[in-house]
Every structure is written in C-alpha cells, then in structure tokens.
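Now for the letters of each chain:
Protein chains: 2
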Amino acid sequence: MRIEIICTGDEVLFGHIINSNSALIARKLEDHGLAVSSAHTLGDETDELIEAFRQLGGTADAVIVTGGLGPTQDDLTRQAAAKAAQVELELDTRWLQRMERMFGLRGREMTENNRVQAMLPRGSEIIDNPIGTACGFGMDIGGTRFFFAPGVPRELDLMLDKEIIPRLKTLSRAKGDPPAVVITKRFNSFGLAESQVDSLLSGLEKTSGECTVKIGYRADYPLLETKLVARAASSPEATRELMAVEREVRNRLGNYIVSEDGQTLEDVVRELLATQGESLALAEEFTSGHIAGRLGRGGESEAFLTRATVAPSLYELFRAFNLNPERLTPAESTPPPARMFHTGQQAAEQKPHRPAGMLEVAPAPGVARTIAKAARDESGASLGLAVLGTLELEAHQAGHPQPGEESTYSIQLAIATRQKTLTRTARLRGDFERVRMGAVEMALDCLRRHLKGLPLREKTHLEK
Amino acid sequence: MRIEIICTGDEVLFGHIINSNSALIARKLEDHGLAVSSAHTLGDETDELIEAFRQLGGTADAVIVTGGLGPTQDDLTRQAAAKAAQVELELDTRWLQRMERMFGLRGREMTENNRVQAMLPRGSEIIDNPIGTACGFGMDIGGTRFFFAPGVPRELDLMLDKEIIPRLKTLSRAKGDPPAVVITKRFNSFGLAESQVDSLLSGLEKTSGECTVKIGYRADYPLLETKLVARAASSPEATRELMAVEREVRNRLGNYIVSEDGQTLEDVVRELLATQGESLALAEEFTSGHIAGRLGRGGESEAFLTRATVAPSLYELFRAFNLNPERLTPAESTPPPARMFHTGQQAAEQKPHRPAGMLEVAPAPGVARTIAKAARDESGASLGLAVLGTLELEAHQAGHPQPGEESTYSIQLAIATRQKTLTRTARLRGDFERVRMGAVEMALDCLRRHLKGLPLREKTHLEK
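Chains as they are written, first to last, in my numbering: chain A, 8 to 471; chain B, 8 to 471.
With the rest of the complex left out, here is chain A (with noise of 0.2 Å):
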C-alpha cells in the first residue's frame, strides 16, 4: 500500500520550525509494519494544496495531511480538501458542541473564528481529537483515502494511535496486503559505535519468509538505539522470534546496553538508585550541573539525589567543599583567571589569561577521589560523584577554543562508596559542547555499572 505524508505550513516548509511531525509518523508506521512512500510540505497557499491533494489523489493508496485545521486565515487545509474534492463544506454540530465545553471547561470564551474548526468536507468522517478543538477527519479524494489531522505534535500523536493506524491497517487489509502482527524492541547502548554494533549482531536479521526480524540502528549522540522489527501472521510467532533475535542482541552487546524501550538512562540511574536505598551528591566541574539536571526533578523532594556542587575550576570546588587550595599542584589550582567569553566580536577581542605556550595539564588521579569522597562526607550522602575536565591545549591554540573548534579533553571520575573509591578517565575529542554531552552520558553510565556491579572501564569508542 502506497502511504504518502503531507506536512501543512508556512512556518515548517520556510523552516522556522523543524518538521519532526514527518518523521514521527513514519516511525509510528514503521512500528506497525506500513511504510510511506514519500513525504512533502507544502505552505499556506489554497492552491498549491489542491494541486497536491489532487495529484496524489490519482497515485496513492492513502494520505496523511498534517496542520491547517486552526482557526486564523493562515489555516486553509479544510477548504482546498473540499475543493480538491469538489463538495462544500457543512457544519458538525457534534463537534461545534464538543469545542463549546472545552472552551468551558477552560473558563475561555469560544471565538467567532473558532466555529470554522467545526466545518467539515461533505461526506468525510470525523476524526476524534481527545485533546484539541480541532478535530481531524478522513474522506476520499480522486479514490485515494485522505486523513486530515492537527499539526500539533502531541494531538497528532494521540490521533495516530488511536484513529488513524487503525483505519490504515484495516485499509491495508482490504487492499489486500497480507495480515501482519508487528512488534518491536529497542537497546539503546553507550560506548559502541553503529558500525561495531552492526558487526557484533551480524547475522542476527532475518529478512526473507513469513516472518522477518529486521535491525535498525538511529544515532542519538551519545547513545545508539538498535531497533528490533518483528513481523509475522501472528502475535506468539512474532513475539517468538522477537525474543530469540532479543536474547541474542542482550548476549552480544551486554554491558552496554544502558536502557531499553523509552527508558532514559537517568531513569535507570534513578531507579538503581531508589531499589538500592543508595543516595548521591554530586561534584560537578566539567559538566556544569548537567548530571545534576539530568537526574534532578526538583521540589519532588526525592531522597536519593542529595545535593550537587557545580564550580568552574578545581580551586572553586575546593573552597566549596573546605579542602585547601594549597593542596593543589601550581598547574592544578590554576585561578580563574580574567573573565572570557565567546560571543560574537568579543571573542576575538579577548585575550586568554594563560602565559603563551603553557599547557594545561590532568589533575593527579587522587584529585578526583579527594573531591568525590568531601562531596559524600560532606553530605551525608552514601555515594560520591567527582567529574573533572582538563582542555588539552595543543601548539596551536592560544586560549579557550572558539564554539564549534575541535579539541581533546582530559576526563576524570571518581565515585566513593563507604568502603572504597573508584576512578575512571578518558580522553574525548570533540567540540566543546559536544564533549561535555559525552561526559556527562559517561557519568551516568558509570553510575549504573557500579550500581549493577559491572566494569566502570570498558573502552567506548569515542575516545582516544
């Protein structure tokens, strides 16, 4: 079956905003064994979408129409439907009702230009909306099947689910297409990279017959997520070869795997965490209070994240956590020096601190554990988290690289436990923000493999 997608919109197709509404029903498809054929924007011009609904009106199967279904002038998608399909529009009183006691419920007074969400194309079929005023509807053009949506993200999401898949797989059947239970499963990996991960599960797919398992893998810096699509006549046969591909996938790609489904790896840190009866203070130099963020939810008052320190330099943490600067290295307690920043011309006006040619260089090892183990004494916390950054300066570079300038830096962990402490470093290559967001992912994954009892060091492939 022929699936095409039209996204509606000025602001998507002059790329104001980014079109994630395509993607998002490709992926629900895909999860449901349909493919779209091809997809298209199209902007706020009644023509331009009549045009459109009319040609793929003669050559696809179905058509899903995201946007153009709100109240201002800019919304023309009902009106060039109805054209395209040459009927007039009708008012739905079912709905016109249904949007007055949501506007109720609101406490807001319904506008004039709010009715015209409740005119539908002649003979189309409404398309319930649970969160909107604007419903979708569904309606035939050229003997093509066309399903009108909101453009709304999370309303479009809901419809899908709940409306608009199920219609196109009963579509689907009806033109014949074989019955197909799909059932899906993702990893979602640190450390690995896409070409190691689809080395080590080669020979894992199985692509022809009646019933396919299909791997596909989506970058999603700094993680990896490797997709398991099973597809069979029926639901114990796709769920029996699932789980074989899925044992297998958890055999070849173990430690690594941080979290399945739509699992955040905080998620797990925090339930490890929580089951354990462990709780954390963090110490954060490198990572600017992002692990913090990560785990944080704030005013929930939630006993296992105790306290975070976040401070710019080691000679700041050291002052935050009592410890005597004087302990540091010349090299190590570098002071902060005058102020940089880089934005714009200012960055190429500010001169660095540093003498010329002098380079920065890793705190000893011990530093990391002495500041990991003052955040948990400290605290009171059972856990102590210390992550430390050094730029590897090279010859080249006068001072702090510019955004976006590629460089190594130097990262050190440290957690401590009652009885012990253990480190982890590593070396990353990237631009600045793009390291930090791997320092970050590496803290937390090392926090789950201590809570899981797993290596903290096993050589991941962004490093050096």
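Keep in mind that the hints were calculated from the coordinates and are not lab data. Take the hints with a grain of salt, since some may be wrong.
To be verified - Simulated crosslink set (SDA-like; lysine to any residue; CA at most 20 Å straight-line):
#1 Lys-176(A) - Phe-21(B)
#2 Lys-380(B) - Leu-330(B)
#3 Lys-234(B) - Thr-246(B)
#4 Lys-234(B) - Asp-268(A)
#5 Lys-35(B) - Ile-24(A)
Using the hints, position chain B against chain A.
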C-alpha cells in the same frame, strides 16, 4: 521563481533522523530573498527519484536535491539524475584527483566504491565541496535547473553559501526577478505571547512597494523570535528601511527583548556579569542545576560563576548552607519522603509519602531571601540567586504529577546583592518539564534585568 527542495535517504524518510536539511535550505533562501515553493522527502529507490526529477523538471524553475551522493549501494542520486536527463555518467578526472589528494592527506586508502563519487552526468557542472569527498553538480532536467549536493549538513551548509545560492540568485535575475538585497534582524523576547507582540508591532510592516520590511515570528519556548526581513534594490536602502523598523521594535518591545540575532540569554547574562565585574552563586532547588548548566562552560575557570548548590528540597538546601532547618515551618520542611520515580509501571505502584489531603504550601518569601544571602555569603560571590518552586496540589491529585500532567507551580526567586535582596514570585502552569524551562528562563531574565537596572517584576504571559 519556483524553487523546490528534495531531500533523499531512507533514514530521513522513515524518520530515523530528523530532516534538518530542508529547514536549513529554506531559511538560507529566505535570508537571500528567495522562497521555497514546496519540499519533498524521498527514499533510496531509483525509480521514485527518476519520477520525481522528471515531474519537477516540468514545473519548477530550480530544484535543490540533497543526499544519495555517497559511495555505497544505497546512494542512487547520480544514476537517477542521469537517467532522468537521459544522459550517461562519465568519470571526472579532476574530481578523482581531488579525492585521491583528500584521502592521502587523511592517511586513508581510497576504496574502489569511492571512485563512483567522481562519476557525473554528462554535461553537468561540478559544484565544489571544500570539505567532503562528494562533489555536487548542476544540470538541466526538462528545462529546470537542478543542483545536487551531499546530505551531510556541514558540507551542504558551506556549498549553499559558496556555490548554490549565488547560482540561484543569478538564475533569479535571468528569469526577470528584480535584483534584491535582503537584510535580516532578529529579536528574542521573553514574557510576551506571539499574539501580544503581533499586536504591539501592528502597523510596522511595509509589505508593498520596491522596498519591503516583513515581520515574522517563530516560537522557541520559552522565548519568541521576531524576525525582520528588509528587501530593497540596494544595500543602503534596505539598511535604512530596516533600521527604522528596528528602532520602533525596540521602542515597543522594550525591556522584554532579552537578546538579538544569534545571542542566547545566557550569553547576555555572562557578558553583563563580566563587564560589571560581578560574580554569582546559585542555589537551585526547583531548577535542578539547569541554570548552572546554561551559564557554565566548566573547565574554563570563568570568574563570574563562583558556585552552584543544587538540592532536591528546602530541607536539603538549608542543610547545604548550614542553616538550621528548624527555622522552616512544618509545611516548608517536609523531609525527603520515600523515594519516588515516574518510569513506566513503577509510577502506578508507588504511593506518595504525603499524608492524604495535605497541600504543599509555598514557603514564606523570607526563605528565598535567606537562601540567596547564604549562597552569596558562603561563596564570596558578589551576587546570590535562589530559585525555589512548589507544586500547588489540586484536590484530585494524590501525589506528584504524572509525566506530562499539567499542574500549577509557585516559583520564588531572590537575588541577594551587597546592599539588598530583590524578589520575584510567579505562578506557572504546565507539565513539570515545561514549567522548569520557564522558571530557568525567568531566573536568567531576572539576572539580566537586575544587572541592567530594569524592573524584575513585569508580568509575563506565562503567568496565571
């Protein structure tokens, strides 16, 4: 001139990656006074590509095609282009030599399948790629000028600026479109809804005549981008018209403008702290370290962000600053309850530790002041900022809100200076993540306003 975009590749069509190239191209075209008519996404299917090239070859003036120029079996664009134009592919020896040189410089071996990247449709013009192995090419198909470029965003970006857009502008003039200079200006604002800004700026657009200045909006929650696009026959004219509108936008939007063009609000705050010789200590409860994350660039020893302390509750925040938690009222000092988290099924199984029916109470205003002062005093910074947040539980809510559930949060913010402490409170409604983002932006905006001597308290559209 009718310009169309085609992005190719299964990974884009099936939603494995988001299509950012389409938006990139459209925005660049807009900045040069050119408009895209529609955009399309196709998969790795030669027949589909040929059909699309032939179809657009009949209707568009120019088409930009991205992707499919790599060395693998899935890269089908050059073959499809040649077939659509009914010409052969021939080896371009200059590009072959360029590729050999590039591989040599990287110390890598060029493989046999890389050679295909030097095969171009006969009669096509090379479009240089300064940083990658796939050159682009330009050719006519059915009377329409096609520009083919790789899908790698960084390469596409450079080739658009240096090669493709200049060619499009030449083509545009050849087709009789009047020559135009286009200059843009962007303002980012916080606290005004799009409808309010639209209302404030009414009458400013100049949409007819030889010189136009158009105003467009782009939501970038929690900020709003207002973009001015001036178009005239000459640069002095465009500049003059743009500056007149710019002046009026500044007058009308006033203190709500937080940054301009590519600057972020944290860029602005860093700059103000630096130029005014101020340093900052943060105490984050509700915002979980996200303010520190936005302001800090860790490892660069910046003097202005001295320290951030993050804690999950008032109780822990008081402990962190050695303040006596007994100073808190019983309602304020709810000790950390049994652990809670919201991942999947666990959410349903967890019971809140809160006595049934008890409402959260926002702390007395003095509490935020106390914490801001303590953060400042303890760290030695010249400014302290504390951000607290409380969930206002509604009768039907048994405990913490589910992910995505809308609730009302009471945010309290205090800035402590040497002489005084300023406060700002707000009630924000939404799901937790969204409210947290709004609170972080509000805190950064309050810092900006304080440092610029502007009032903290100007009601925003986000507030109830």
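Structure-based check of each hint:
no. : hint                    : verdict
1   : Lys-176(A) - Phe-21(B)  : 18 Å, holds
2   : Lys-380(B) - Leu-330(B) : 11 Å, holds
3   : Lys-234(B) - Thr-246(B) : 15 Å, holds
4   : Lys-234(B) - Asp-268(A) : 39 Å, violated
5   : Lys-35(B) - Ile-24(A)   : 14 Å, holds
Hint violations for this structure: number 4 only, all remaining hints satisfied.
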